[in-house]
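Given chain A, put chain B in place with the hints provided.
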Amino acid sequence: MREIDVLIIGGGPAGLAAAIAAKEAGVDNLLILEREDKLGGILKQCIHNGFGLQMFGEELTGPEYAQRFMDRVEELKIPYQCGTMVLSVSPEKVVTAINPVEGLEQFQAKAIVLAMGCRERPRGALGIPGWRCAGIYSAGTAQRFVNLEGFMPGKKVVILGSGDIGLIMARRMTFEGCEVKACVELMPYSSGLKRNIVQCLDDYNIPLMLNHTVVDIAGRERLEGVTIAEVDENRKPIPGSEQYIECDTLLLSVGLIPENELSLSAGVQLGRSTQGPVVDETLATNVDGIFAAGNVLHVHDLVDFVSQEAARAGACAAAYVQGKGAHSSEAVPVEEGFGVNGCVPQLIHPAELKEPVKFMFRPRNVYKGARICVDIDGEEVLRGKPHMIMAPGEMAAIEVAPELFAGRDTIGKVTVRLEVRA
Amino acid sequence: MERIITCIGCPMGCQITVTLDEAGAFQSAKGNTCKRGAEYAKDEVTNPTRMVTSVIAVEGSKQPLCVKTARFIPKEKIFDCLKEIRKAKVTLPVHIGDVIVPNVCGTGIDVIATRHLQ
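These protein sequences, in sequence, are chains A and B. Just so you know, we're using the numbering used here here: the first sequence kicks off at 1 and counts up by one. Just so you know, we're using the numbering used here here: the second sequence kicks off at 1 and counts up by one.
The shape of chain B in the complex, shown without the other chains:
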């Protein structure tokens, strides 16, 4: 199986063709101009991850609270993560780094506040 990945390392944006075996394991990459491209393409086909950032409405505050996942989470969990963020209840005051959703979607990663809110 082959997949085409656009590299994000630089403005070149190499179109890297990644070959996977039947079990979905990484076999080879071609079309990359540098080493970083091959590594990125491998990660992107085997375990794509993203940091998710969003906001939550907070009772008693005109401004919503902005949050992020403390680390990158698997890409396929982005929308489930957003659902859990939306359901979170927040009580003031909040400080940067406070845990808002612990262990989001069973990833072992917390959603934390990225601003102070009084």
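Excised from the complex, chain A in its bound form:
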């Protein structure tokens, strides 16, 4: 069994940033395991621009953004193994992996950074009735076909869900000569960025049908068309509002789910609202020496924030193996108050904070003029500036300085909440 100080599972943006940070913090015995043939993760297929504004102050495409981190990995001579699928992680941090050259391999890690990313919600999770014919893909699968494999999934396209990948694919398919007939969204608002709605749909006169969903799928072998209907305030289809759209391709862009099978095998506790590991301010999970960052922890909007978060996880994993990571105090739970969903971190050690802790979350709804507030045991200690608008499609964050926790003997809980102007 090979012994590794910091083992990083996943070679996408999170894994790359975590490895670089761990190496820079002085860990030499580290290894990245990646199941695909190349590093870079999902960025490889995200050929559109818009990445890197926060990190590099310029607008890069996904492959360019990934390459910057891959170049740094090479420069630092960080070892990585592609084509390697991790099968399980034990609570004792034994990692079992398989690849075509080595066969089955086991590693004993001192620390692990979970950086497996997320996956798309599939058709099965939606309960759409109708035939199980060919021509129905998740938007990301279609993106992979078009951008990496070089073939087209179809010609006449309907998109269900208005997540960013679906919007990006509406434009991409249009560029490749497809007719994109509609983007159908169950909710009264899109979960995608405004910029993508304008530049991927409006620019090409693709209708965004809010409060609509697909209620039937026609076609035995190949998709022939979908029936869509308007929904009421309870998201139920309104009888009589059905219309049929002829198409040979249906793309699903209906949400992302952190990929945590390995985390569960290691005994890592998951949070209900994020569907990712419960972590403290050092991105440590409940299993000693196992850290998590990126979309496996909570689904981000911007890769730049994934890189920043993962760099922290890498540095904290390094500190852990160097014996500097032990806690001297009890963790305090962070509670999600009004309007706050999927808040990370879920635990903090107020007495040990040396720098501000950043709470990231998604607003539960669309709010105008809302402020982010932080309470300690019910007493308001921080009141943010009002935001003109907050929406579930854009992650919100607030930083809390360590001083705000000072001078208290015990802290029972910290609450992050929104306050909406009456």
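Worth flagging that the hints you see were computed from the coordinates, not collected in a lab. Among these hints, one or two may not hold up.
[As the list claims (entries may be wrong)] Okay, the calculated beta carbon distance ranges per label pair:
hint: 1; chain 1: B; residue 1: Ala57; chain 2: A; residue 2: Tyr189; range: 36 to 42 Å
hint: 2; chain 1: A; residue 1: Ile238; chain 2: B; residue 2: Gln118; range: 52 to 58 Å
hint: 3; chain 1: B; residue 1: Asp21; chain 2: A; residue 2: Pro207; range: 27 to 33 Å
hint: 4; chain 1: B; residue 1: Arg36; chain 2: A; residue 2: Pro356; range: 25 to 31 Å
Remember, it's a predicted structure, so these values are computed and weren't measured experimentally. Just so you know, even glycine gets a beta-carbon here, dropped at the ideal spot from N, CA and C.
This is chain B only, laid out in the frame that chain A set:
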């Protein structure tokens, strides 16, 4: 003449009404909540630009090459730009930043590679 522009600056998505004179020159904007909105609306009616990204099939490579316009190009040239990209011949190896289509559609802007391909 009036045109309605959806601002992309934030999730607010203000519907900004832009007034143009007969020559199509910008007169005024209303409906914006912030200054950035007015600036965006002005640019969007007088000189809308976009970065174009696409892929090209490459002989000798299973994977296509992804490319982008090195800067934003006029919006009305998007489809002509895509046509020129499709016709481009690429020889391996290619590196990030290599010029694939020089001066695309006479814009003075190059289409460049956004990945390495051996």
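Structure-based check of each hint:
1. Ala57(B) x Tyr189(A): 36 to 42 Å: Since Ala57(B) and Tyr189(A) have Cβ atoms about 38 Å apart, the given range 36 to 42 Å holds.
2. Ile238(A) x Gln118(B): 52 to 58 Å: holds (55 Å)
3. Asp21(B) x Pro207(A): 27 to 33 Å: holds (31 Å)
4. Arg36(B) x Pro356(A): 25 to 31 Å: Because 27 Å falls inside the window, the suggested range holds.
When held up to the earlier numbered hints, the structure conflicts with none and fits them all.
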